[in-house]
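Throw the hints in and build the complete structure from the sequences for me.
Residue numbers (the numbering used here), protein chains in the order written: chain A, 1 to 260; chain B, 1 to 344.
If you're looking for bench data, these hints aren't it; they were derived computationally from the structure. Owing to the predicted nature of the structure, the values given are computational and were not obtained by experimental measurement. Heads up, the beta-carbon is just placed ideally off N, CA and C, and yes, glycines get one too. Each hint should be verified, as a subset may be incorrect.
Here are the computed lysine-lysine pairs in the BS3-like style, where the Cα-Cα straight-line distance is at most 27 Å [what the hints assert, rightly or not]:
no.	chain 1	residue 1	chain 2	residue 2
1	B	K337	A	K140
2	B	K151	A	K15
3	A	K217	A	K254
Cβ pair distances, simulated, as ranges [what the hints assert, rightly or not]:
no.	chain 1	residue 1	chain 2	residue 2	range
4	B	L20	A	N132	41 to 49 Å
5	A	P17	B	S145	24 to 32 Å
6	B	L6	A	V246	51 to 59 Å
7	A	S86	B	I163	26 to 34 Å
8	B	S145	A	S58	26 to 34 Å
9	B	F175	A	S67	50 to 58 Å
10	A	S11	B	T244	19 to 27 Å
11	B	K177	A	K115	51 to 59 Å
12	A	E118	B	I163	39 to 47 Å
13	A	E118	B	M25	37 to 45 Å
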Amino acid sequence: MNLDVKNLSFSYGSKGPGVLKDVSFSASSGEIIVFLGPNGVGKSTLFRCILGFLRPDSGQVLIDGKSTLDYKRQELSRLLAYIPQSYSPAFNHSVLDSVLMGVTGQLGMFEMPGKDKEEKALSVMKELGIENLANRGSMKISGGERQLMLLARAIVQDASLLIMDEPAANLDFGNAFKVMKRVTELREKGYTMLISTHNPDHAYRYATRVIAMKDGKVIADGNPSVVLTGEIMKELYSIDVAVSTVNVGKSEYKVCTPVG
Amino acid sequence: MRRYGLKFLLLILLFIAVFLISFLMGRYEISVWTTVKILIDALVRTVTGGSYGLSKTWSVEAQTIVLNVRLPRIACAALVGAALSVAGASFQGMFRNPMVSPDLLGASTGAGFGAALAIFIGASYYAITFSAFIFGLAAVFLTYSISRLSKIKTTLALVLSGIVVGSLFQSGTSFIKLVADQDSQLPAITYWLMGSLSSVKGRDVLLCAVPVLIGLIPIMLLRWRINLLTVSEAEARSMGIETTTLRFIVIVCATLMTSASVAVSGMIGWIGLVVPHCCRLIYGQNYRQLLPSSAIAGATFLMITDNIARTAATSEIPLGILTSLIGAPVFIYLIIKGGTASES
Chain A
1 MNLDVKNLSF SYGSKGPGVL KDVSFSASSG EIIVFLGPNG VGKSTLFRCI LGFLRPDSGQ
61 VLIDGKSTLD YKRQELSRLL AYIPQSYSPA FNHSVLDSVL MGVTGQLGMF EMPGKDKEEK
121 ALSVMKELGI ENLANRGSMK ISGGERQLML LARAIVQDAS LLIMDEPAAN LDFGNAFKVM
181 KRVTELREKG YTMLISTHNP DHAYRYATRV IAMKDGKVIA DGNPSVVLTG EIMKELYSID
241 VAVSTVNVGK SEYKVCTPVG
Chain B
1 MRRYGLKFLL LILLFIAVFL ISFLMGRYEI SVWTTVKILI DALVRTVTGG SYGLSKTWSV
61 EAQTIVLNVR LPRIACAALV GAALSVAGAS FQGMFRNPMV SPDLLGASTG AGFGAALAIF
121 IGASYYAITF SAFIFGLAAV FLTYSISRLS KIKTTLALVL SGIVVGSLFQ SGTSFIKLVA
181 DQDSQLPAIT YWLMGSLSSV KGRDVLLCAV PVLIGLIPIM LLRWRINLLT VSEAEARSMG
241 IETTTLRFIV IVCATLMTSA SVAVSGMIGW IGLVVPHCCR LIYGQNYRQL LPSSAIAGAT
301 FLMITDNIAR TAATSEIPLG ILTSLIGAPV FIYLIIKGGT ASES
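Given below as structure tokens:
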């Protein structure tokens, strides 16, 4: 599946300041694109435009050559899955029921998920190591478990492009690592992922490509170790950042440290 | 939800038991066995067009009381209880809030005003239902719009605007009572607003059943999808739900059920809050199980309440008074618990 974002511009209200200014990029199978940029730069707005929740002022979002605005919601749900930053359900549905909500796009109008869908949900949950939570309430599990539940829901949705708005933002150090690891392992299955984050270390570690945004514009796009330099970080966040390499055994990890 | 089948079967057995016991309530004593025979006889005669039936071992009086007095009343109690409970559970899912009920949204007061207005101008039974529906719908949309315009984008905004809209229609109803004929219309409106099934007749069952079923069937068929309205708008849409359309269908169906209930039985509050809450505790949060269990439990609950209403005192106690006595404590409990009903 190919995603093409072409010259996308968007502003809230007709006279509002532009949130997205002429954003273009494309993504194909197996890419993990991490979006970096300060708060309010338009990452979430960009995702909302791609998902078809917002109508851009100009420009297009194309999936396999067809504008997302021309797809029916149900068709689009088979192509794009969305994982929100925080999950605040109104009721304490069980984890299994919450995961099963993801299959709705594959059901007829009046259909209920059958045994086959339930088995599929359970096997995905098993792969993610959360099958023991099936009958627990979705409000009563930890933040890390909840993100894995949302990931399971996105997988059963059978979409090949996953859009994640800061999936690890509300998690502690350890859980953020675990969740990001699970997420990026999906790349082997051919998923394309768009992930926004505030943590540049995540970009080094998990991205195949990084897109840096400032003031609604893309200012850098490419391989993280090439694109994510101290200069770019300074331009994005207005602080001095040192990029260093940590060697553990044979592995090399790049990390960012604010200095001064 | 494990063991749902067994728990649901128990609920159905309870429903049948309460349904039959309800026939024994009243001054004229008729045995269970006679009641069952009369009901089976009537059923067989209706199905076969009168060519078959049981041999009559009961009096004509007994038959009249069972079929023309008790059956319509019990059937209406079951219908209204089911309708209000399902409407309540649906509104709760749609507004993502377990403390919402048809009363709180102004649907009942709106429908009450509509019905009082129709009684005042001397309209027919159909017109009363229709007027109740239109004003019930108007009240819900008004409540919802005000809460959407509010800067406080929370439950509080919804509850507060519900109170305002409710009191607006309440004063409208008071005004109608003021100008209504003191001897005939005023007692009719007042007594009926308190909620009662005492004047229910055979034709009322059908007149109530039709709009209730028109509202109930679509909601029952779409009940899996209502689950998705309980997560955020963005998530529901990303999972393939046309949220605007679904919300619209749910709101119209739930309001129709509420209005049809108000038209036949007056204002019976709290059921839409209490019954779904108890069902959430027993049957879980999934609307697939929640709505059918709320329907049966609501029907059972109102049949029991109506039995108390007609036997506890020498004169009938209005149903609305009894349901408030049960509903208020449950609502207080919900406020203290922060509105979450959950077991695990």
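The hints, checked one at a time:
A hinted pair counts as satisfied when its Cα atoms are at most 27 Å apart, and K337 (chain B) with K140 (chain A) qualifies at roughly 15 Å. With a C-alpha separation of about 21 Å, the suggested pair K151 (chain B) and K15 (chain A) falls inside the 27 Å cut-off, and the hint holds. As the CA atoms of K217 (chain A) and K254 (chain A) are separated by approximately 25 Å, the hinted pair is consistent with the 27 Å bound. The beta-carbon spacing between L20 (chain B) and N132 (chain A), approximately 44 Å, falls within the hinted interval of 41 to 49 Å.
Taken as a hint, the range 24 to 32 Å holds for the pair P17 (chain A) and S145 (chain B), whose Cβ atoms sit roughly 29 Å apart. In this structure the hint that L6 (chain B) and V246 (chain A) lie 51 to 59 Å apart at CB holds, the actual value being about 58 Å. About 30 Å separates the C-beta atoms of S86 (chain A) and I163 (chain B), a value consistent with the hinted range of 26 to 34 Å. About 32 Å separates the C-beta atoms of S145 (chain B) and S58 (chain A), a value consistent with the hinted range of 26 to 34 Å.
A C-beta distance of roughly 54 Å is found between F175 (chain B) and S67 (chain A), which places it inside the suggested range of 50 to 58 Å. Under the hint 19 to 27 Å, the C-beta atoms of S11 (chain A) and T244 (chain B), about 23 Å apart, fit the expected range. The hinted window of 51 to 59 Å between K177 (chain B) and K115 (chain A) holds, with their beta carbons roughly 57 Å apart. A hinted range of 39 to 47 Å holds for the C-beta pair E118 (chain A) and I163 (chain B), which are about 42 Å apart.
Checking the proposed 37 to 45 Å range against E118 (chain A) and M25 (chain B) shows it holds: the Cβ atoms sit about 44 Å from each other.
Checked against the numbered hints above, the structure breaks none of them.
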